[in-house]
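**Student:** For the record, the sequence lines run as chains A and B.
End of the first sequence = 407 in our numbering, gap-free, step of one.
End of the second sequence = 249 in our numbering, gap-free, step of one.
These are computed hints drawn from the structure, not numbers from a lab.
In this text, all values refer to a predicted model and were calculated from it rather than measured experimentally.
Ideal Cβ placement from N, Cα and C applies to all residues, glycine included.
There may be inaccurate statements among the hints.
Unchecked claim - Using C-beta positions, here's what the derived DEER-type ranges look like:
1. Lys233/B to Phe301/A: 29 to 35 Å
2. Gly36/B to Gly12/A: 39 to 45 Å
3. Leu77/A to Asn207/B: 45 to 51 Å
4. Gly225/B to His266/A: 38 to 44 Å
5. Ala113/B to Arg300/A: 58 to 64 Å
6. Arg300/A to Leu217/B: 30 to 36 Å
What the hints assert, rightly or not - Residues from chain A that face chain B, not an exhaustive set, calculated with beta carbons under 7 Å:
7. Asn42
8. Asp45
9. Ser186
10. Glu193
11. Leu362
12. Ala363
Claimed, not checked - Derived pair list, reagent style BS3-like, types lysine-lysine, alpha-carbon separation capped at 27 Å:
13. Lys110/A to Lys163/A
14. Lys194/A to Lys210/B
15. Lys25/B to Lys77/B
16. Lys233/B to Lys12/B
17. Lys77/B to Lys162/B
18. Lys77/B to Lys194/A
19. Lys196/B to Lys35/B
20. Lys80/A to Lys77/B
21. Lys233/A to Lys110/A
22. Lys77/B to Lys89/B
23. Lys89/B to Lys162/B
24. Lys162/B to Lys196/B
25. Lys231/B to Lys194/A
26. Lys12/B to Lys80/A
27. Lys231/B to Lys89/B
28. Lys110/A to Lys77/B
29. Lys163/A to Lys12/B
30. Lys12/B to Lys35/B
31. Lys89/B to Lys110/A
32. Lys80/A to Lys194/A
33. Lys194/A to Lys12/B
34. Lys77/B to Lys210/B
35. Lys80/A to Lys233/A
36. Lys231/B to Lys163/A
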Amino acid sequence: MVKNRFASFQLGFWAAISAVMIAVLGIVAFLRFTQGIGAVTNLSDSFPWGLWIGFDVLCGVGLAAGGFAVTATVHILHLKEFKAIMRPTVLTAFLGYILVVCGLVFDLGKPWNIWHPIIMWNPHSVMFEVGWCVMLYTTVLSLEFAPVVLERFKLDWLLRFLKPITPVLVIMGVILSTLHQSSLGSLFLILPEKMHPLWYTPVLPVLFFVSALAAGIGMTVVESWFSRRAFGKPIETHLLSRLSRVSVVVLAIYLALRMRDLIGRHALATLFPLNSVSAMFLAEIVLGVVVPMVLLSIPRFRLSPRRLAVAQGMVVLGFIFHRLNVSVTAVEAATGRAYLPSAMEFMVSAGLVAVGIWIFLLACRYLPIFPEGAMTEEEETVRQPAGAAPARPARPVAGTVTAFDRT
Amino acid sequence: MAHRGILVDVTKCIGCGSCVEACQKSNEQPAHEAKGFNEQTYTFLMDRGNDTYVRRLCMHCENPSCASVCPVGALRKTAAGPVTYDPDKCMGCRYCMMACPFGVPTYEWHSAAPRVRKCQMCAHRGAAGPACAEACPTGATITGERDELLAEARRRVASDPKAYFQRVYGVTEAGGTGVLFIGPREPAALGLPPVKTVGPLPDLTWNALKHIPDVVLFGGVFLGGLFWLTKRKEDVARAEHADKGEHHG
């Protein structure tokens with residue numbers, strides 16, 4: 001009971017803080033759309049892309065990568081036990097893309113022209129590809145998330161319509177994500193003159209894809225742990241542990257690619273003399289990749305959901321570090337120009353994240369996001385007597401899950 | 001493909017600023033001091049000491065990065081030579097500003113409907129050509145067919161090795177530019193951006209983008225195949241399970 005009261009106090013505290021953040025977001029939005037981008041940001045002709053591109057867009061898309069990874073595991077590899085975490089992951093991906101679109105509305109000089117790539121084509125532009133990927137994948141994600149809403153409002157006839165096309169949607173989702181994650185790296189390929197050699201490399205698209213996969217899985221684990229704390233939902237530790245084993249492999253591939261590339265281009269020497277730039281690089285690689293990889297590879301470490309969440313949180317932070325290093329640190333180091341986001345830029349990014357967390361919390365409360373709903377509606381009706389569905393079969397569901405477990 | 005270019009001969013420039021004045025008039029800007037690129041300044045003069053004055057302006061690349069990265073084709077290299085900008089198409093992503101290796105495009109940061117700003121080689125004047133070349137009293141800035149200007153630049157450099165540093169700036173830089181510079185010292189000493197990339201920059205992007213059709217094709221086949229294989233395994237397992245159930249039941 002005491003714990004519950006503590007949790008509700010925490011929620012109340014969070015509600016107050018986030019209300020302030022969202023109000024500030026509104027004020028900054030007013031200034032930005034009436035006075036121009038220059039009135040609220042530290043961007044300039046010599047530093048035209050800043051925090052909103054580096055964090056809201058690059059990281060928003062990357063953190064959504066858990067969505068395609070987990071839906072593909074469930075629907076393409078048919079590892080059905082992962083269905084228990086699929087919906088929160090798809091929701092996170094959806095919110096990640098909403099963050100991207102909102103970030104773009106703030107960052108684009110003329111956001112009302114955002115639809116122009118539909119009719120004004122330039123296939124040679126990476127940004128053109130990015131624009132199309134955002135549009136198409138946001139559509140795919142809303143269709144992937146639609147069953148949750150349709151179930152809630154008992155629109156079964158629409159559900160029946162969606163079910164047969166799910167595999168097609170999932171395959172499209174994986175392909176679009178692959179293209180989109182990697183193309184965010186390709187955005188920077190045209191800047192060899194303006195980026196530090198520790199970050200500029202022809203393999204940027206590959207690095208962006210692999211690291212997004214790691215961050216996507218990391219985000220899935222972090223947010224599963226977070227929802228357990230917020231809602232007291234049962235946590236699928238064995239699933240998170242298995243996912244974390246995959247993380248170890250993904251991080252190892254990333255590290256191998258990164259080191260092979262740095263050595264191949266003789267770029268490692270630019271670490272010296274040690275300065276703030278090399279510190280950013282080391283923080284990104286050591287704290288964001290090497291340490292969590294080692295920790296997650298220890299079987300005993302993977303037994304505790306809290307430890308899993310901490311290590312995966314490091315993966316997510318390392319990923320954010322990489323994106324900001326590519327878009328800010330590398331450009332600063334190579335051009336000698338300085339950029340520090342203004343307070344208002346930070347407030348917009350933080351405010352958008354707060355909005356995202358609110359949507360997540362509300363969706364968890366009012367929609368069948370967690371296994372109870374998910375498993376009963378689609379899979380378990382076949383196996384269980386029809387009447388058992390609406391009760392809270394949290395444990396029995398976990399039981400059927402382990403029956404399916406292939407490890 | 002003959003198209004317009006500009007040749008700047010730094011040895012002939014006396015720093016009078018006629019080009020700057022003509023530029024501002026031609027682009028309908030209020031007369032103002034020009035010290036660097038900004039939303040009102042498409043060209044300016046750098047005083048490099050010893051009576052050496054160097055102009056900066058858009059280089060009008062042969063393969064412009066800005067036009068290649070623009071998602072909506074607001075920037076484009078016209079057949080006539082200038083790299084032009086259409087504000088009605090632009091959505092304001094500012095990728096062009098990131099991509100330009102010469103740091104030329106600028107932005108209207110304090111406007112609610114901002115535009116990218118840069119020299120468009122007076123494309124609006126049509127056959128009359130750029131106002132700066134027309135205004136230059138000493139012939140330091142001249143305009144004409146790019147190929148002819150390049151031949152002229154090489155001839156001048158070769159004919160007077162004492163007066164000219166032996167290099168034409170704009171031949172290799174970013175794969176070649178429509179604006180060429182020759183002068184008494186090496187380009188870096190003149191304050192021109194040291195662009196090391198020899199080939200066209202858009203090729204770097206294209207090397208990645210060209211793989212997209214293959215990713216879609218083989219990715220689709222591979223994932224579809226995985227789906228089919230694992231689904232079949234599951235179907236078989238379920239059928240076997242049902243079979244056993246019948247025997248025992």
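**Student:** Taking the hints in turn, state whether each one holds.
**Tutor:** Taking the hints in turn, this is what the structure says about them:
Between Lys233/B and Phe301/A the beta carbon distance is about 32 Å. The supplied range of 29 to 35 Å therefore holds. For Gly36/B and Gly12/A, the hinted distance range of 39 to 45 Å is not satisfied, since their beta carbons lie about 52 Å from each other. About 32 Å separates the C-beta atoms of Leu77/A and Asn207/B, a value inconsistent with the hinted range of 45 to 51 Å. With their beta carbons about 40 Å apart, Gly225/B and His266/A fall inside the hinted range of 38 to 44 Å.
Between Ala113/B and Arg300/A the Cβ separation comes to about 59 Å, which falls inside the hinted range of 58 to 64 Å. Taking the beta carbon of each, Arg300/A and Leu217/B are about 44 Å apart, not inside 30 to 36 Å as hinted. Taken as an interface hint, Asn42/A does not check out: its beta carbon lies about 10 Å from the nearest beta carbon of chain B, beyond 7 Å. The beta carbon of Asp45/A is positioned within 7 Å of a beta carbon in chain B (closest approach about 4 Å), and the interface hint is therefore held.
The restraint placing Ser186/A at the interface with chain B holds, with a minimum CB-CB distance near 4 Å, inside the 7 Å limit. Restraint check, Glu193/A versus chain B: the minimum CB separation of about 5 Å is within 7 Å; hint holds. Residue-level restraint check for Leu362/A is violated (minimum Cβ-Cβ distance to chain B is 31 Å; threshold 7 Å). At its closest, the beta carbon of Ala363/A sits 28 Å from a beta carbon of chain B; the interface hint therefore is violated under the 7 Å criterion.
This hinted pair does not check out: Lys110/A and Lys163/A have alpha carbons roughly 38 Å apart, beyond 27 Å. Pair hint Lys194/A plus Lys210/B holds up; C-alpha atoms about 23 Å apart against a cutoff of 27 Å. At roughly 24 Å between alpha-carbon atoms, Lys25/B and Lys77/B fall within 27 Å of each other, so this suggested pair holds. Pair hint Lys233/B plus Lys12/B does not hold up; C-alpha atoms about 80 Å apart against a cutoff of 27 Å.
Between Lys77/B and Lys162/B, the direct Cα distance comes to roughly 36 Å. Violation of the 27 Å bound is thereby established for this hinted pair. Distance hint between Lys77/B and Lys194/A is fulfilled; the C-alpha atoms sit about 23 Å from each other, no more than 27 Å. Between Lys196/B and Lys35/B the CA atoms are separated by roughly 25 Å; this keeps the pair inside 27 Å, and the hint holds. With a CA separation close to 53 Å, the supplied pair Lys80/A and Lys77/B exceeds the 27 Å bound.
At roughly 43 Å between alpha-carbon atoms, Lys233/A and Lys110/A are farther apart than 27 Å, so this suggested pair is violated. Only pairs whose Cα atoms come within 27 Å are accepted, and Lys77/B paired with Lys89/B is accepted, the gap being roughly 15 Å. At roughly 48 Å between alpha-carbon atoms, Lys89/B and Lys162/B are farther apart than 27 Å, so this suggested pair is violated. The suggested pairing of Lys162/B with Lys196/B holds, with an alpha-carbon distance near 26 Å, which does not exceed 27 Å.
Restraint check for Lys231/B and Lys194/A: not satisfied, since their Cα atoms lie roughly 48 Å apart, outside the 27 Å limit. Annotation: proposed proximity of Lys12/B to Lys80/A is violated, straight-line Cα distance about 77 Å (limit 27 Å). Pair hint Lys231/B plus Lys89/B does not hold up; C-alpha atoms about 47 Å apart against a cutoff of 27 Å. Note on Lys110/A and Lys77/B: the hinted pairing holds, with a Cα-Cα distance of about 23 Å set against a maximum of 27 Å.
Taking the CA atoms of Lys163/A and Lys12/B, the gap is about 75 Å. The hint is violated against a cut of 27 Å. At most 27 Å may separate the alpha-carbon atoms for a hinted pair to count; Lys12/B and Lys35/B meet this at roughly 21 Å. A hinted pair counts as satisfied when its Cα atoms are at most 27 Å apart, and Lys89/B with Lys110/A qualifies at roughly 10 Å. For the proposed pair Lys80/A and Lys194/A, the alpha carbon gap of about 46 Å is over 27 Å, so the pair is violated.
Straight-line distance between C-alpha atoms of Lys194/A and Lys12/B comes to about 32 Å, which puts the hinted pair past the 27 Å bound. With a C-alpha separation of about 21 Å, the suggested pairing of Lys77/B with Lys210/B holds against the 27 Å cut-off. The straight-line distance between the Cα atoms of Lys80/A and Lys233/A is roughly 20 Å, inside the 27 Å bound, and the hint therefore holds. Our distance criterion of 27 Å between C-alpha atoms is met by Lys231/B and Lys163/A, whose separation comes to about 15 Å.
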